[in-house]
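Please construct the entire structure, taking both the sequences and the accompanying hints into account.
Those protein sequence lines, which keep their order, are chains A and B. Going by this note's numbering, the first residue of the first sequence is number -18, and it counts up by one from there. Going by this note's numbering, the first residue of the second sequence is number 17, and it counts up by one from there.
Misleading hints may appear alongside valid ones.
[Stated by the list, open to error] Covered stretches of chain A (in silico footprint by chain B; criterion: 3 or more residues with CB under 8 Å from a CB of chain B, positions within the stretch not fixed): (1) -13 to -3; (2) 82 to 88.
[To be verified] Over 12 Å on every C-beta distance to chain B, these chain A residues come out as not near it, computed from the model: (3) Met(-18); (4) Glu124; (5) His177; (6) Glu180; (7) Val205.
[Unchecked claim] Not the full set, but computed from the structure, chain B residues with beta-carbon under 10 Å of chain A: (8) Ile61; (9) Gly62; (10) Leu64; (11) Lys65; (12) Arg66; (13) Tyr69; (14) Arg231; (15) Val233; (16) Ser235; (17) Ser236; (18) Arg237; (19) Leu239; (20) Ile240.
Please keep in mind that the hints were generated in silico from the structure rather than gathered at the bench. Every residue gets a Cβ at the ideal spot worked out from N, C-alpha and C, and that includes glycine.
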Amino acid sequence: MIRFDSVSKVYARGAKPALDNVSLEIERGDFVFLVGSSGSGKSTFLKLILREERPTDGEIYVAGRHLNRLSSWRVPQFRREIGAVFQDFRLLPNKTVYQNVAFALQVIGKKRHVINSSVPEILDLVGLAGKEKRLPHELSGGEQQRVAIARAFVNHPPILLCDEPTGNLDPGTSIGIMRLLDRINRTGTTVLMATHDDEIVDQMRKRVIELKAGHMVRDQDRGVYGMERV
Amino acid sequence: MRFRFIFSEVGNGLRRNSTMALSVVLVTFVSLTFVGAAALIQMQIGELKRDWYGKVEVTIGLCPDNARSTQCAVGPVTPDQEAQIRSVLEDGPVSDLVQKVYYETKEEAFENYKRRDNQGITDLLTADQMQSSFRVKLNNPEQFQVVSDAVAGMAGVDYVQDQRDIFSQLFKFLNAATIVAVALAAVMLLAAGLLITTTIRLSALSRRRETTIMRMVGSSRTLIQAPFMLEGAVAASLGAIFAVGALYASVRYAVGDWLQSSTPWVAWVNEADVIAVAPYLIATAVALAAAASLMTLGKYTRA
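What follows is the structure in structure tokens.
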């Protein structure tokens, strides 16, 4: 589903590479934690998958596409294969829960009847049934993140990228979000989650990829957050 | 669905940035009014040429009794010389260019002068002091030089005058006015372009959240950029429409009602000319907005 072949990324000429010769493969339906301290290259990794950045070196394949050769006018179509969730939720403050989710379908030209049936369905899946008419500021952080996940997943993309989705949430709420992501993963969706949250990683016991100063230092099945705890 | 989306976004954008949008409207309005005025002045020149050149004549002044010019040093024109000049005009090589030849006697010249004289100068003059002349009407006034060359050196000819010279001063003035209008329009258009750029930039920044999400979920670049481009285009076109309105009103009331009634013998530009210019003004506005968008958008809403 996602394959990196000796990928390096250097932002400024002569600077230290943000990602240095990383090779890995993530299969369809995998649930993978991406861990590492700030500046370890996690964000660059996610940006490369979303093709917000292009690699300086190496080959990247995502959802059956060779990203090095993907022309820029095909990028929008490609992004429909990936759902993305962020630490800061990125909801539209003046739109209701329903409108926020529907927006994602409207702007890729989905028909009204498709929107009318998919949005309630996904809101039900993320546990927000009955809160369609709320505005984001009327929701708790966990609920806001659920809206963001609903928006990312409403189009049923095969890949879901999560950049610190629990970073702004308390531990109890985070567990709820993780249960939701786990459920989505069990529908066959590949989930890649960058995180600092050691408790969650330790609890979930999923595959862990650790980056350190741009190098991949660990790729472990059923791993935990820090090596020292093993 | 998508069109509804685009238009509602355009509406939102214009409302959110209403002061910027208004300034774009005003600046395009003023600049395109100048552009349109320049075009109308040029059309006016065209009208005047069509109208007056048909009426102008070539005047061939004949040597009077006490001429001071060297051509007339040998004395006043003789009947023989007059006949020769007439035959060159009517039967000579330039006769096909000549429509009509009219001989104006000294007495007629005196009478004509007296009619136009309101300072009493003619009281001091007599008909004998006037100059007789041939008034020649040409088929094509542009052929003046050929006719002039044919008669200018002949005995008894004092001077050959092209009446178009009288208008050339007016045309020079009108052309200078055109240049001034175009120069002002250029400056204003530049200002309008920069303002549109700024408006789009502000609008893109204020809607960054939306565009980020749109990019993320894979909406096409056209759909992301169209609202911004249209915003500039709508504001600029509105300015163009106001400019057309202003030109229409001034042609109708200032030219049509006022100038036309005070100087009815002049062919003035009319409303139809404004209508003819209108599409070009609107096209200029749209082109301006498009150029400004292209310069700005790539940077602020990249894919």
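Worksheet item: Does the CB of B:Leu239 sit less than 10 Å away from some CB of chain A?
Response: holds (6 Å)
Practice prompt. Mind checking the CB of B:Ile240 against every CB in chain A and telling me if the closest is under 10 Å?
Written response: Holds - the Cβ of B:Ile240 comes within 10 Å of chain A, reaching about 8 Å at its closest.
Discussion item. Can you verify the interface hint for B:Ser236: is its Cβ closer than 10 Å to any Cβ in chain A?
Written reply: Nearest chain A Cβ about 5 Å off; hint holds.
Worksheet entry | Evaluation of the interface hint that places B:Arg231 against chain A, nearest CB under 10 Å | holds (7 Å)
Fill in: Satisfaction of the B:Leu64 interface hint, Cβ to chain A closer than 10 Å
This interface hint is violated because 54 Å lies over the 10 Å limit.
Practice prompt. Under 10 Å, Cβ to Cβ, is where B:Lys65 needs to be relative to chain A, so tell me if that hint holds or is violated.
Written response: violated (53 Å)
Worksheet entry | Restraint check, 10 Å cut-off on beta carbons, for B:Val233 near chain A | holds (4 Å)
Fill in: chain B over the region -13 to -3 of chain A, status - at least 3 residues with CB closer than 8 Å
violated (count 0)
Worksheet entry | chain A contact restraint on B:Ser235 - CB to CB distance below 10 Å | Nearest chain A Cβ about 4 Å off; hint holds.
Practice prompt. Find the nearest Cβ of chain B to the Cβ of A:Glu180 and say whether that gap is larger than 12 Å.
Written response: Non-interface label on A:Glu180 holds, nearest chain B Cβ at 28 Å vs cutoff 12 Å.
Discussion item. According to the definition I'm using, a residue is off the interface if its beta carbon is farther than 12 Å from all beta carbons of the partner; does A:Met(-18) meet that for chain B?
Written reply: The claim stands: A:Met(-18) keeps its Cβ more than 12 Å from every Cβ of chain B (closest is about 17 Å).
Practice prompt. Identify whether the interface hint at B:Arg237 stands, where standing means a beta carbon of chain A within less than 10 Å of its own.
Written response: holds (7 Å)
Hints 1, 8, 9, 10, 11, 12 and 13 from the earlier list are contradicted by this structure; the remaining hints agree with it.
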